[in-house]
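Student: Sequence:
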Amino acid sequence: MESKFSFFITLLVLQYLTVVCVSQDFDFFYFVQQWPGSYCDSDKNSCCYPTTGKPAADFGIHGLWPNYNDGSYPQNCDSSNPFDESKISDLISNMSTNWPTLACPSSSGETFWSHEWDKHGTCSESVFDQHGYFETALGLKQQTNLLQALQTAGINPGGRTQSLENIKDAIKQGTGHTPWIECNQDSSKNSQLYQVYLCVDNSGSNIIECPVFPKGGKCGSEIEFPPF
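Using mature numbering (1 follows the signal peptide of the UniProt record, and there is no 0), the letters of the sequence shown correspond one by one to residues -23 to -1, 1 to 205.
The set of hints was computed from the structure by calculation and includes no laboratory data.
Predicted model only: the values in this text are computed from it and were never measured.
Treat each hint with caution, since some may be false.
[Unchecked claim] Restricting the straight-line Cα-Cα distance to at most 27 Å, the calculated cross-link-like pairs of lysine-lysine (DSS-like) are:
#1 LYS192 with LYS149
#2 LYS192 with LYS96
#3 LYS195 with LYS166
#4 LYS31 with LYS21
#5 LYS64 with LYS21
#6 LYS64 with LYS96
[Said to hold, decoys possible] Restraint-style ranges between C-beta atoms, simulated for each label pair:
#7 ASN71 with GLU199: 32 to 42 Å
#8 GLY194 with ASP146: 42 to 52 Å
#9 ASP178 with SER57: 23 to 33 Å
#10 GLU62 with GLN162: 31 to 41 Å
#11 GLU87 with SER198: 31 to 41 Å
#12 SER57 with THR129: 40 to 50 Å
#13 ASN183 with SER23: 35 to 45 Å
#14 CYS24 with GLY116: 40 to 50 Å
#15 TYR50 with SER198: 37 to 47 Å
#16 SER49 with TYR26: 31 to 41 Å
#17 SER198 with ASP106: 16 to 26 Å
Beta carbons: idealized from backbone N, C-alpha and C, even for Gly.
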């Protein structure tokens, strides 16, 4: 009887450990920032300023996304822990500035942030609670400062065509790591700088070289950096 009981307890422990391992089963994060001028000057997106007003002409956070080394990713991992704005009340002002929404209709940003937490943040619960997830992303934006890196290299928004390699080199010089650049198209079908991906280790602590780059949104060798 004792042997059967011990076996049962062992089985429960193994099941628990399996659940914990699964919840931690991602390899790295993509930290994604977008240029608002390209979001708004797109042949696909309609653009509405948030209810807090027009955002600054700076890169804004899109998200912090758990990913696997094979390029796939987990999503919508825990429906029992939905976004709760009260848990990040002290971050709202910072998020309105650095993580603004440009989707229509105009809103405060809560719908955008809720989507990012529910789809991506819940898959990182082994590392972060809600507050930690958003706080970490805000810290990464300050750490990377993409616009400053580009401007230091003499690359400024304004619609001029820029070399893709020069943009990559400027961001690598500024952050210490190789970015992935995603482009979209303006209404005239010109390729333009849209999103910048950097990779972060699975603790959310350190920027790393990306184990794998995304496959979509490829750019030409010359791209536009539109004003906002």
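Student: Looking at the structure, which of the earlier hints fail to hold?
Tutor: Numbers 5, 8, 14, 15, 17 - these are the hints that the structure violates, sorted from lowest upward.
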